[in-house]
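All chains, please: the whole structure from these sequences, using the hints.
Spelled out from the first residue to the last, the chains are:
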Amino acid sequence: DVKVTQSSRYLVKRTGEKVFLECVQDMDHENMFWYRQDPGLGLRLIYFSYDVKMKEKGDIPEGYSVSREKKERFSLILESASTNQTSMYLCASSLSIGVTDTQYFGPGTRLTVL
Amino acid sequence: GNSVTQMEGPVTLSEEAFLTINCTYTATGYPSLFWYVQYPGEGLQLLLKATKADDKGSNKGFEATYRKETTSFHLEKGSVQVSDSAVYFCALDLNTGNQFYFGTGTSLTVIP
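Order-wise, the sequence lines are chains A and S. All you need for my numbering is the position in the first sequence, starting with 1, plus 1230. All you need for my numbering is the position in the second sequence, starting with 1, plus 13.
FYI, nobody ran anything at the bench for these hints, they're computed from the structure. Some clues are possibly wrong.
Claimed, not checked - Far from chain S, some chain A residues (derived; all Cβ distances over 10 Å): (1) V1249; (2) I1290; (3) R1298; (4) K1300; (5) R1303; (6) T1316; (7) L1320.
To be verified - Derived lysine to any residue pairs resembling SDA-like cross-links, with alpha carbons at most 25 Å apart: (8) A:K1301 to S:Q58; (9) A:K1248 to A:L1308; (10) A:K1301 to S:N108.
Quick caveat, the model's predicted, so the values are computed rather than measured. Quick reminder that beta carbons are idealized off the backbone N, C-alpha and C, glycines included.
Structure (structure tokens):
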């Protein structure tokens, strides 16, 4: 079974702090994704990556950056956290670009910015 | 543009009732369609999928048929259980890079 893990289930940070959310997948997937989930808005794509050191902006990249130094790890960075970034963050991975495939999700990190 | 529209919730049903959650989509090309389920406190899990028109996806008693003529992928289950209480997301993949488009989710509560 594919396993996608996220570094924290719950996180509380203060406004202005730099925040790192880590995601690791163990199935050698090429694609990795970061979403945020908010009530009434569903899932919105922040960034995705098709390969190591490669990244693409999703629908709402403002205020975020990402890093993919190794194939199995995809980090989401909030350079200066703000209260409107309080949300549930979900990481996902899938096999390969150009292949229709299921996205596998981690358990999520619920981030609260005070 | 590409989008998915789901019926709004929340939906509350009694155990053993029939469930339908409507999903329609707008997409260029020929997307694959998915239903994901999110149980309380957890991430999303794939429930079922269909990759071409008239395909039926099924799993755990749930099923959905890819209807190109009505651009729909409605989720159905004949007899729901309390354990089916969750949020259900419809999604599409354009098959051009594996970028998914998700609906806003429909919360289902099943009462004994």
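A:T1316 clear of chain S by more than 10 Å, beta carbon to beta carbon?
-> A:T1316 is indeed farther than 10 Å from all Cβ atoms of chain S, at 17 Å.
Beyond 10 Å from every chain S Cβ: check whether that's true for A:V1249.
-> holds, 19 Å
Given the hinted pair A:K1301 and S:N108, is their alpha-carbon gap at most 25 Å?
-> Cα-Cα ~22 Å, so holds.
Is A:K1248 within 25 Å of A:L1308, Cα to Cα?
-> Status holds; Cα separation ~6 Å.
Minimum Cβ distance from A:R1303 to chain S greater than 10 Å, as the annotation requires | holds, 17 Å
Is the nearest CB of chain S more than 10 Å from the CB of A:L1320?
-> violated, 6 Å
Straight-line alpha-carbon gap A:K1301 to S:Q58, limit 25 Å = The hint holds at about 22 Å.
Least C-beta distance from A:I1290 to chain S larger than 10 Å = holds, 13 Å
Beyond 10 Å from every chain S Cβ - status for A:R1298 | Holds: least Cβ distance 15 Å, greater than 10 Å.
Test the statement that A:K1300 is away from the interface with chain S: the closest C-beta pair must be farther apart than 10 Å.
-> Label holds. Min Cβ-Cβ 20 Å, cutoff 10 Å.
In summary, the one numbered hint that this structure violates is 7.
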